[in-house]
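Chains U and W, in that order, are what the protein sequence lines are. Residue numbers for the first sequence follow our numbering, so the first one is 821 and each next one is one higher. Residue numbers for the second sequence follow our numbering, so the first one is 0 and each next one is one higher.
One or more hints might be untrue.
Okay, derived cross-link-like pairs now, DSS-like style, lysine-lysine, Cα gap no bigger than 27 Å in a straight line [as the list claims (entries may be wrong)]:
hint, chain 1, residue 1, chain 2, residue 2
1, W, 8, U, 846
2, W, 8, U, 924
3, W, 56, W, 8
4, U, 889, U, 931
5, U, 924, U, 889
6, W, 56, U, 924
7, W, 69, U, 927
8, U, 889, U, 846
9, U, 846, U, 876
10, U, 889, U, 927
11, U, 931, U, 890
12, U, 931, U, 846
Per label pair, the in silico range of CB-to-CB distance [as the list claims (entries may be wrong)]:
hint, chain 1, residue 1, chain 2, residue 2, range
13, W, 38, U, 874, 29 to 37 Å
14, W, 2, U, 887, 17 to 25 Å
15, W, 60, U, 878, 33 to 41 Å
16, W, 15, U, 834, 20 to 28 Å
Everything labelled a hint here was simulated from the structure, so no lab data went into it. Just so it is clear, the structure is predicted and the values come from calculations on it, not from any experiment. Idealized CB from N, CA, C, for every residue including glycine.
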Amino acid sequence: SQQGEEDPQALSIQEGENATMNCSYKTSINNLQWYRQNSGRGLVHLILIRSNEREKHSGRLRVTLDTSKKSSSLLITASRAADTASYFCATAPGGSQGNLIFGKGTKLSVKP
Amino acid sequence: NAGVTQTPKFRVLKTGQSMTLLCAQDMNHEYMYWYRQDPGMGLRLIHYSVGEGTTAKGEVPDGYNVSRLKKQNFLLGLESAAPSQTSVYFCASRELIVDTQYFGPGTRLTVL
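Between the sequences and the hints, there should be enough to build the whole structure, so can you do that?
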């Protein structure tokens with residue numbers, strides 16, 4: 821089945837640096853969402869970007885969407901140790917009743 | 000609000016045993032979902048429900064059954080557990096017109 825693929829699989833940075841994660845997908849979508857998962861916990865919604873939007877901001881998060889390239893990026897600015905988590909993109913394909921298809925995630929480690 | 004809760008948090012079964020996982024949400028959400036997450040993988044949809052009394056198959060439904068007798072509860076059953084069903088199971092819910100999903104804390108199931 822169609823699936824978002826995140827890149828890189830793992831990312832290690834120092835506190836204060838920016839972290840960029842990418843997501844590619846295969847078919848047309850209604851929206852794309854990013855979720856965070858702390859170790860051993862459930863997923864928490866971060867941000868949703870609709871197919872007719874190109875960029876969206878929420879606090880230290882910036883998401884871009886390029887539907888022509890079927891790709892999205894998540895930028896976390898001025899990272900903190902508390903940002904250490906796995907980040908997943910999830911796509912809502914057209915006609916899917918809002919069902920999401922998740923990628924395998926990017927594991928982000930922010931070192932103090 | 001408790002949000003989405005899952006019972007139990009951990010369970011160990013022997014091959015062939017049966018069990019039911021309970022998901023409850025207090026947000027009056029129409030849609031509910033069951034996912035499984037395996038190491039290094041994103042979430043895969045098992046079954047979902049678009050309202051009380053309805054259920055539908057997701058990407059990996061084999062070996063599982065579900066029921067949604069009450070709007071706030073979504074049950075996932077394993078009739079005859081197999082080692083391949085060792086996983087972490089997540090429940091999620093969402094409103095009718097909002098695509099954001101809210102996740103429970105997960106149930107870690109081991110089948111020996």
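Hint by hint, here is what the structure shows:
1. W/8 with U/846: violated (35 Å)
2. W/8 with U/924: holds (23 Å)
3. W/56 with W/8: holds (24 Å)
4. U/889 with U/931: Cα-Cα ~32 Å, so violated.
5. U/924 with U/889: holds (19 Å)
6. W/56 with U/924: Since the Cα atoms of residue 56 of chain W and residue 924 of chain U sit roughly 21 Å apart, the hinted pair holds (cutoff 27 Å).
7. W/69 with U/927: The hint is violated at about 37 Å.
8. U/889 with U/846: Status holds; Cα separation ~9 Å.
9. U/846 with U/876: Measuring from Cα to Cα gives roughly 21 Å; hence the hint holds.
10. U/889 with U/927: Holds, because 23 Å separates the two Cα atoms, which is no more than 27 Å.
11. U/931 with U/890: violated (31 Å)
12. U/931 with U/846: At roughly 33 Å apart (the allowed maximum being 27 Å), residue 846 of chain U and residue 931 of chain U break the hint.
13. W/38 with U/874: 29 to 37 Å: holds (35 Å)
14. W/2 with U/887: 17 to 25 Å: violated (32 Å)
15. W/60 with U/878: 33 to 41 Å: Holds, since residue 60 of chain W and residue 878 of chain U (Cβ atoms, about 34 Å apart) stay within the stated range.
16. W/15 with U/834: 20 to 28 Å: Check failed, 50 Å falls outside 20 to 28 Å.
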